[in-house]
Each structure stands twice: as structure tokens, then as C-alpha cells.
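S.K.: If you want the building blocks of each chain, they are given just below.
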Amino acid sequence: MSVSVPFRGDRMVRIALTLAATAFVALFLLLPLIAVFVEALSKGVAVFVAALTEPDALAAIKLTLLVAGISVPLNVIFGICAAWAITKFDFPGKSLLITFIDLPFSVSPVVVGLVYVLLFGAQGWFGPWLIEHGIRIIFAVPGIVMATVFVTFPFIARELIPLMAEQGRDDEEAALSLGAGGLQTFLRVTLPNIRWGLLYGVLLCNARAMGEFGAVSVVSGHLRGLTNTMPLHVEILYNEYNFTAAFAVASLLALLALLTLVLKSTLEWKFDYSHGSVRH
Amino acid sequence: MKISGKCLPFTVALLGAALLAGCSGGASRGEAGEGGSKRIEILNVSYDPTRELYEEINPKFQARWKAETGEDVTINMSHGGAGKQARAIMDGLDADVATLALAYDIDEIAEKTPALSKGWQTRLPNNSAPYTSTIVFLVRKGNPKGVSDWNDLIKPGVAVITPNPKTSGGARWNFLAAWAFAKGKYGSDTAAQDFVKKLYAHVPVLDSGARGATTTFAERGIGDVLLTWENEAFLARKELGEDKFDIVVPSLSILAEPPVTVLDGNAKRHGTEKVAEAYLRFLYTPEAQDIIGKNYYRPVDPAAQKKFADVFPKVNLVTVDQAFGGWQAAQKRFFSDGGIFDRIFADGRK
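Chains A and B, in that order, are what the protein sequence lines are.
Mind the numbering: the first sequence is residues 3 to 282 in the numbering used here, read in order.
Mind the numbering: the second sequence is residues 208 to 557 in the numbering used here, read in order.
Heads up, a few of these hints could be off.
Stated by the list, open to error - Label-pair ranges, simulated between beta-carbon atoms: (1) Ser324/B - Gly216/A: 31 to 41 angstroms; (2) Ala48/A - Asp401/B: 47 to 57 angstroms; (3) Leu35/A - Glu446/B: 39 to 49 angstroms; (4) Glu426/B - Leu43/A: 15 to 25 angstroms; (5) Leu43/A - Asp401/B: 43 to 53 angstroms; (6) Glu168/A - Asp554/B: 34 to 44 angstroms; (7) Pro520/B - Val113/A: 39 to 49 angstroms.
Honestly, the hints are just simulated from the structure, not real lab data.
By construction, the Cβ of each residue, glycine as well, lies at the ideal position given by its N, Cα and C atoms.
Make a model of the complete structure from these sequences and hints.
M.R.: Spelled out as C-alpha cells, the structure:
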């Protein structure tokens with residue numbers, strides 16, 4: 003049988019598979035998402051708005067934005083450096099570095115949190131020194147930022163490495179041979195080449211930074227209005243029988259996720275387009 | 208130049224972020240207090256069910272402190288399973304006061320860290336417990352499984368919800384109450400261990416704290432009986448519907464004394480010793496005792512006890528000191544690594 007000739011069962015298989023996939027998505031993704039919004043609005047818009055504008059909720063939203071605002075730029079710098087080093091230079095231990103970048107994907111976030119407690123907790127390696135100098139890392143914003151940076155570490159680097167590997171070194175070498183400096187080459191050749199991929203990585207990194215629960219929960223200390231990020235605030239509200247408010251904050255997180263998805267799809271489309279145009 | 212122009216805002220944002228990170232690391236409560244602005248902050252690290260209680264007490268204390276000293280005090284709260292909270296304080300959660308579910312967890316802090324000095328429990332009246340409680344059963348309306356006492360919990364088909372004694376103080380009180388009942392009824396430690404082992408074979412979910420267990424039982428609808436604090440049982444009924452749950456008082460339970468203490472080591476460092484001490488002493492005043500009673504904790508002040516006498520059922524209570532020789536002994540015997548709980552739990556899952 004030739005490959006291009008469809009056999010009779012083909013259509014049935016296709017329909018069955020499509021239905022199964024759709025049902026799966028509806029049941030496991032769409033239904034919970036809808037439930038979040040239904041529950042959030044179950045007591046009316048006024049309650050919904052009140053839940054989001056109450057001081058502890060605002061503090062949680064601000065903290066989440068702050069944490070994302072610090073950890074995403076840090077990971078942008080790291081991601082570009084790592085991807086640049088890996089794809090434009092040859093050095094020993096390169097594959098080891100790539101493996102390490104993937105580490106946060108394979109380590110449970112709870113372990114990440116506990117490791118930071120072990121390092122910076124009062125009884126940890128650096129704890130006594132930190133206390134002596136009045137520096138608080140665990141159960142304060144710096145600890146939350148560090149845990150988030152760790153967890154979101156690979157997102158941007160992983161996005162850039164294949165892209166930059168594919169693009170090769172030709173453009174940079176051309177720029178350098180025409181007399182451009184290192185920084186100039188980066189800003190005017192490399193950055194434009196990778197900008198859509200970079201943005202895509204930033205989006206994914208940001209979504210994870212805002213949504214991270216496990217690692218942040220361990221190092222947060224759960225101080226109301228001080229060290230609760232949005233996901234932690236959702237848990238607290240839920241535990242206080244404040245179900246509507248919990249789902250209101252959860253729906254805000256869901257909205258952020260949806261926004262990320264829309265931006266991501268837009269970028270994917272643009273990325274394909276510009277990717278083609280840049281290379282030719 | 209177009210591209211580098213695009214990068215400028217990004218660089219600025221980055222620098223800003225780095226600066227912010229630096230600032231948040233350096234700020235501390237002590238400086239804020241001494242800065243002349245008369246603003247003080249204290250952190251109360253508490254166990255799971257006290258959220259509503261302190262939410263009501265804190266503003267009253269703030270008003271009182273303001274009237275007495277002219278200072279504004281902010282009280283920050285953190286809640287969770289008592290064991291977990293004690294662990295966090297030991298790891299450096301910079302609390303000024305600890306209001307936990309049982310004395311052992313606070314002892315541990317005094318034992319292992321400079322945050323608290325030993326002998327803390329004698330500093331405040333009534334073994335440093337401004338309220339007491341006990342362990343009761345919360346069942347579904349009409350008590351469909353006919354649960355009236357501890358031995359009904361191990362009947363076939365009864366699912367029991369109780370949190371993990373390793374992380375939750377309430378769960379440890381539950382465990383000890385069950386043990387005390389079985390020992391009294393069946394006569395020996397062996398029989399008691401056998402009973403408790405059977406009981407935990409009826410537990411489908413072990414949450415990490417009392418509140419988690421309550422939501423498992425009440426919201427997620429799992430289990431037939433919730434073993435919980437009396438105050439938590441009353442609150443669940445109030446918050447989630449009196450038409451949904453009934454409270455069953457067993458023939459014997461345990462006197463739970465959740466103690467409070469100023470973490471003097473931390474408070475000294477923050478310069479908050481005075482306000483922290485006043486905060487805890489406030490819990491013993493008639494005003495606070497009234498709030499305590501309203502939140503279904505048993506007050507220790509005789510006048511308040513009289514006022515709320517109708518609310519609380521008469522329960523036959525044993526104490527940890529009588530039945531188990533105090534918390535140090537009980538913790539070591541039952542809940543330490545390799546202790547009786549670990550053994551029966553491992554056996555039960557085989």
C-alpha cells in the first residue's frame with residue numbers, strides 16, 4: 003500500500019482521536035477553568051471586586067508582581083548569557099552546563115524551598131551570620147525571589163538555545179569582520195535575531211514566576227499582607243472558609259494565564275513570520 | 208540605534224528591580240520602631256484554627272495599646288500546623304510571640320534556638336494558656352453513622368478525618384484523647400495501642416493542619432467523623448451551616464491547653480519586648496476573655512467561664528500531665544521518629 007493512499011479506517015480513527023483529545027481538554031482543562039470563574043462570581047461582582055481590593059489581596063498582588071518583576075529580568079540576563087555562551091562558543095563542560103540549566107525542571111519545587119531553608123534558615127549554613135548582620139532572606143521577600151528565580155531558571159535559556167544554535171555564528175562573524183564591537187554586535191545583530199524567541203521565553207517565565215506555589219510556600223512564612231504571593235493568598239482564603247474570595251483571586255491568576263496564552267499565540271505567529279524573514 | 212533604544216527601558220527596569228531587592232532585604236522592625244515614628248510591628252506565629260480569634264482580638268489590643276502609650280502597633284499573623292510553625296520559627300521566622308497548639312512545640316524552640324529562654328511556661332498565668340479547649344467529634348447532620356463515642360470510630364464503614372500528628376498540634380491532642388479513652392476502657396497500653404492502630408486504619412486523609420482537615424471533611428465531603436478542636440467544630444458549624452453538621456461529645460476527652468509566649472530572644476533584638484508582653488497579657492483581660500468565649504475557646508477567667516457556661520458541654524477531661532506525664536514524655540513516646548505513631552502507621556499501611 004502506498005503511503006499517500008488513505009485506508010478506510012483512517013477517517014474513523016481521526017474522528018475518534020479528535021473527540022478523545024477534545025473531551026480530555028474539556029474535562030481536565032476547560033471545566034476547572036470555568037468552575038474557577040463561576041465560583042468567583044457566585045456572590046456577585048461586588049463581592050468579587052471587594053475580594054481583590056482588600057488590603058491583604060492587594061499586598062499579595064503587589065508582591066507577586068514584584069517577585070516576577072525581579073526574577074524575570076534576572077533570568078533574561080542569565081538566559082541570554084547562557085544561550086550565547088553555549089551556542090556561539092566552544093568550551094569544555096558545555097553539555098554539563100546544559101544539563102544543569104535543566105535541573106530546575108526535574109527537581110520538585112518543595113525541595114528547592116527546603117534547600118534554601120537549609121542554606122539561609124536560622125540553623126542553616128549561613129543563617130547565624132545573616133542574623134548577626136540583620137539580613138533576612140528566608141521568610142522574607144529575598145527568599146521568595148530566590149526560590150522563584152531557581153524554579154524559573156531554564157525557561158528563557160531553553161527557549162533561546164535551540165534558536166541561537168540554528169542561527170549559527172555567521173551574522174555575528176560578519177558584523178565583527180566589518181568592524182563592529184562586541185556590545186554593538188549583540189545589540190544590533192544578535193538581539194534582533196532572537197527577539198521573538200526571547201519574548202516568548204519571558205512570557206513563559208513570567209507565567210511560572212507568578213504562579214509558583216511549592217517552593218515559595220516553603221520559604222514564605224505565610225505572613226498576611228507581607229510574604230503571601232497570590233497563590234499562597236488563595237490557599238489562605240480557602241482555609242478561612244472564604245471560598246468566593248479564594249476563587250476571585252484564583253480567577254485573577256487564571257486571567258493572567260489566559261492573557262499569557264493569547265500573547266503566546268500571537269508571538270508564535272509573529273515569530274514564524276519574522277523568523278522566515280530574518281533568515282533570508 | 209533603534210534596537211539599543213528598545214533595550215533602555217529594560218535596563219532601567221532591571222536596575223530598579225535590583226534596588227528594590229536590596230531595600231526589602233535591609234528593612235527591619237527594630238529600626239522602624241526606633242525611628243521616632245512610633246510605629247511598631249510584632250509578628251504572632253500561631254496554629255491553624257486561631258485565625259478568626261486573633262482577627263478579632265488584634266484590633267482590640269491595638270486600640271488599648273494606642274490609648275495607653277500613643278503608639279500604633281501592627282500585628283502580623285502567620286497560621287499553619289503547630290509543628291510546622293514551630294519548625295519555621297526555629298528556621299528563622301522572626302516571630303515576637305508564639306501562640307501554638309501545645310507546649311512541646313514551644314519547648315522545642317527554647318531547646319534548639321536562642322529565640323526563647325527555657326522556663327517560658329511559668330511566665331504567664333495558667334501555664335501560659337489564656338484559653339483551653341478539648342477534642343470533640345464533628346459528624347454529618349443527624350449523625351447517620353450513629354457515632355457517640357470513641358469506640359464507634361473503629362466500626363466498619365466509618366471514615367475518620369484527623370490531621371497528621373507529625374505536623375499538627377490538634378492531631379496530637381486527638382491521638383492522645385483516643386489513647387486515654389482506650390486505656391481507660393480496655394485497661395492496658397497494649398490494648399490502647401491496638402485501638403489507636405485500628406482508628407488510624409479508618410483515616411483516609413492526613414492533612415498537615417487542623418484547618419486543612421476541616422475543609423477536607425466539611426467542604427470536600429470526605430469522611431463521616433472529624434476529630435477536631437471544640438472551637439474548630441463550633442466554627443465549622445457556624446461558617447458552613449448548622450444544618451449540615453452535629454457535634455458529638457465523647458465520654459472522655461483531653462484538656463487541651465494551647466500556650467502563648469513571648470519569644471524573648473527575638474523580641475529583644477527587635478526592641479518589642481514590652482508590647483509583645485502586653486499583647487499576651489491582654490489575652491487574660493475580661494475584654495479578651497469575652498472574645499475568646501465568643502470564638503468557642505474555653506476562657507480561663509472565672510467570670511467569663513460563668514458567662515459561657517451554657518455554650519460548652521460538660522466533658523470528662525484528662526490532662527496530659529496526669530495521663531501521659533507531660534508533653535515531653537508524650538512527644539517522645541508517641542510522636543518522635545520511630546515512636547508509636549510511626550510504628551502503628553507503618554503497620555496500618557501494610
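S.K.: Compare the structure with each hint and give your call.
M.R.: How the hints compare with the structure:
Between Ser324/B and Gly216/A the beta carbons are some 35 angstroms apart, a value that agrees with the proposed interval 31 to 41 angstroms. Between Ala48/A and Asp401/B the Cβ separation comes to about 56 angstroms, which falls inside the hinted range of 47 to 57 angstroms. Distance hint check for Leu35/A and Glu446/B: the Cβ-Cβ separation is about 27 angstroms, which falls outside the suggested range of 39 to 49 angstroms. The hint said 15 to 25 angstroms for the Cβ distance between Glu426/B and Leu43/A, and at roughly 19 angstroms that hint holds.
At about 51 angstroms, the beta-carbon gap between Leu43/A and Asp401/B stays in the expected band of 43 to 53 angstroms. Take Glu168/A and Asp554/B: their Cβ atoms lie about 58 angstroms apart, and the range 34 to 44 angstroms is violated. Between Pro520/B and Val113/A the Cβ separation comes to about 45 angstroms, which falls inside the hinted range of 39 to 49 angstroms.
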